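S.K.: Use the sequences and the hints to build the structure in full.
The residues making up each chain are set out below.
There are 2 protein chains.
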Amino acid sequence: MVNHMLLPKAYKTTVEEDYWHLRQHVQIWDVSCQRQVQIEGPCAEELVQLMTPRNISKAKVGDCFYLPIIDGNAGLINDPVMIKLSNNKFWLSIADSDVLLYATGLALGRGLDVTVSEPDVSPLAIQGPKAEDLMADIFGNHIRDIGFFKYDWVSFEGTKQLIARSGYSRQGGFEIYLNGSHLGSALWDRIWEAGQRFDIKPGCPNLIERIEGGLLSYGNEMTRDNNPFEIGLAKFCSFEDDVNYLGKAALSRIAQQGVEREIRGVLFDGDPCPTCATPWSVMVDEVEVGKITSAIWSPRLKGNVGQALILLNFAEGGQKVTVKVSDGTTRNGTICLLPFD
Amino acid sequence: MVNHMLLPKAYKTTVEEDYWHLRQHVQIWDVSCQRQVQIEGPCAEELVQLMTPRNISKAKVGDCFYLPIIDGNAGLINDPVMIKLSNNKFWLSIADSDVLLYATGLALGRGLDVTVSEPDVSPLAIQGPKAEDLMADIFGNHIRDIGFFKYDWVSFEGTKQLIARSGYSRQGGFEIYLNGSHLGSALWDRIWEAGQRFDIKPGCPNLIERIEGGLLSYGNEMTRDNNPFEIGLAKFCSFEDDVNYLGKAALSRIAQQGVEREIRGVLFDGDPCPTCATPWSVMVDEVEVGKITSAIWSPRLKGNVGQALILLNFAEGGQKVTVKVSDGTTRNGTICLLPFD
Numbered sequence: 001m002v003n004h005m006l007l008p009k010a011y012k013t014t015v016e017e018d019y020w021h022l023r024q025h026v027q028i029w030d031v032s033c034q035r036q037v038q039i040e041g042p043c044a045e046e047l048v049q050l051m052t053p054r055n056i057s058k059a060k061v062g063d064c065f066y067l068p069i070i071d072g073n074a075g076l077i078n079d080p081v082m083i084k085l086s087n088n089k090f091w092l093s094i095a096d097s098d099v100l101l102y103a104t105g106l107a108l109g110r111g112l113d114v115t116v117s118e119p120d121v122s123p124l125a126i127q128g129p130k131a132e133d134l135m136a137d138i139f140g141n142h143i144r145d146i147g148f149f150k151y152d153w154v155s156f157e158g159t160k161q162l163i164a165r166s167g168y169s170r171q172g173g174f175e176i177y178l179n180g181s182h183l184g185s186a187l188w189d190r191i192w193e194a195g196q197r198f199d200i201k202p203g204c205p206n207l208i209e210r211i212e213g214g215l216l217s218y219g220n221e222m223t224r225d226n227n228p229f230e231i232g233l234a235k236f237c238s239f240e241d242d243v244n245y246l247g248k249a250a251l252s253r254i255a256q257q258g259v260e261r262e263i264r265g266v267l268f269d270g271d272p273c274p275t276c277a278t279p280w281s282v283m284v285d286e287v288e289v290g291k292i293t294s295a296i297w298s299p300r301l302k303g304n305v306g307q308a309l310i311l312l313n314f315a316e317g318g319q320k321v322t323v324k325v326s327d328g329t330t331r332n333g334t335i336c337l338l339p340f341d
Numbered sequence: 001m002v003n004h005m006l007l008p009k010a011y012k013t014t015v016e017e018d019y020w021h022l023r024q025h026v027q028i029w030d031v032s033c034q035r036q037v038q039i040e041g042p043c044a045e046e047l048v049q050l051m052t053p054r055n056i057s058k059a060k061v062g063d064c065f066y067l068p069i070i071d072g073n074a075g076l077i078n079d080p081v082m083i084k085l086s087n088n089k090f091w092l093s094i095a096d097s098d099v100l101l102y103a104t105g106l107a108l109g110r111g112l113d114v115t116v117s118e119p120d121v122s123p124l125a126i127q128g129p130k131a132e133d134l135m136a137d138i139f140g141n142h143i144r145d146i147g148f149f150k151y152d153w154v155s156f157e158g159t160k161q162l163i164a165r166s167g168y169s170r171q172g173g174f175e176i177y178l179n180g181s182h183l184g185s186a187l188w189d190r191i192w193e194a195g196q197r198f199d200i201k202p203g204c205p206n207l208i209e210r211i212e213g214g215l216l217s218y219g220n221e222m223t224r225d226n227n228p229f230e231i232g233l234a235k236f237c238s239f240e241d242d243v244n245y246l247g248k249a250a251l252s253r254i255a256q257q258g259v260e261r262e263i264r265g266v267l268f269d270g271d272p273c274p275t276c277a278t279p280w281s282v283m284v285d286e287v288e289v290g291k292i293t294s295a296i297w298s299p300r301l302k303g304n305v306g307q308a309l310i311l312l313n314f315a316e317g318g319q320k321v322t323v324k325v326s327d328g329t330t331r332n333g334t335i336c337l338l339p340f341d
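Residue numbers (this note's numbering), protein chains in the order written: chain A, 1 to 341; chain B, 1 to 341.
No wet-lab data here; the hints were simulated from the structure. Remember, it's a predicted structure, so these values are computed and weren't measured experimentally. Among the clues, some could well be false.
[As the list claims (entries may be wrong)] Residues from chain A shown here face chain B by an in silico Cβ test under 7 Å; the list is partial: (1) MET1; (2) VAL2; (3) VAL15; (4) GLY72; (5) ASP98; (6) GLY105; (7) LEU108; (8) GLY109; (9) ARG110; (10) TYR245; (11) LEU246.
Ideal Cβ positions, reconstructed from N, Cα and C, are used throughout, including at glycine.
M.R.: Written out as structure tokens, the structure reads:
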């Protein structure tokens, strides 16, 4: 369940089979749970900027910007992708927390001249090394010219649809922001048919690939107890004078004082680990130096891979640790930078 | 799934068996998904008032107030129960939408001196005609003096816990707002043991009882497309000068112009109806006059009961209608006022 919607995850296959397939071919993912928060009106840019430390005045129409959204204490509320549709109209393609009501509250509290709404837009992701060939086959070669985190438009059944080079994997690909859910089945079928010669399969964000690739998950690696600096988002934090956002004072203090913990990878041994439902302690000697929040067996690295916030003193690559896994075992592990190679 | 938590619903029994039991005995419900939004600080009352048309200056410490929360267009965002803990501290015990981030956004946007947080409080409901005897048995006779929608305190394992005479049924009972989730199993076991001689059973909000009783469900009978007047909450809408809330202008217009639709019961014939997953049309001649949003077979009334927003011209009790049920059948029905008798 993501944003009050089901995310289809299982198609008569295993996470491991999906992983190998995603790295070699192309997959179609129903990620319509990535809801859009539409912010439109004369104060739209002001409202979006209020929510994020990233300087969005640098975004042009046609850009997708990955944005940390923070609260007054610089705690992370969400990490959406912003789509700049026009100077007065933005979509935030959100992770799993209710930005719609947060943005509504902010706009009402501030008295901003904007409309905050959830349009009938359902993203569909096409991911994997053959995604570009497949998309070009269907929509024409111009989609090859779309840069990373840029978008363009394609025609489908008499409508214009937004297509971005983005997606929640490191294998390359696109997301179609389908406007009009009644077109969902037709779009799926069209791609499915054309995808046959590329060995297309249905899929979903793959846990092995995401952890290896260093992609973080809101609600797991980051919550409101974390700030952007802890999870490697310093490059998206602007302190320029004319960038006005909530939590700027708190974030400045953090920038000056530094953080205690940072996100890292942990490679650890033993049998394939169980699902990490509650965080697992990462230990050095008898001291807890961090917690693993996501983990899985990597068939490629032939070890378990996890993501964890680690105390800086113990966060250098190569640091030896032990991991207390929820099955009662203690595993030997090593800290590494993300992504895993 | 309610407020990002699972609501336990099935205990090896049927909704119908639970219904009869709830009306005769006592049930224990894990409704910890009713999360608390805690609003504390010098501007706490100002922030809560901003969110609701109900005049909360009339609430005393010890009161529970049912509150519609509305947006700038008077659309319903939630319908929580407010607990006034002190003049500067309130809990909103929420229905299924994210008031935490809405209140956070409002407070930040308005620059109010409050802290908005989610405390470790997990409500447990004790519902049914024997609830009072059971609670008195465990916590003492003073709980008999707690008035409807009032609260008091009880001692449990060295802690003080809030107990209110409230709950999502019409059979009477209490809700314990357990502060400290580590005490959950001990509290459950204590009530379970003492409840044996009252024929206690585990349960959850009962769909038959709720529909018959005219209790509405956020996300079903009301969404942001509805206003308080449509769903019978006019008595909670204040237009006094010193009551300041968002959406007041929009709500005043609605009060003056009147609404087109109002919530009603529909009693309809035929076999026990399926689950109402998407709204069913209510017809008079060939015209749609409303939509049923919740429905179920009532073994007591020996008919199907539903709740629907009905065009006012067709909303009088006794109005004959037909219902287009999702199983393809058309049923004969009659409009009635809520609750069903």
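S.K.: Please write out, lowest number first, the hints stated earlier that are contradicted by the structure.
M.R.: Result: hints 2, 3, 10 break, sorted rising.
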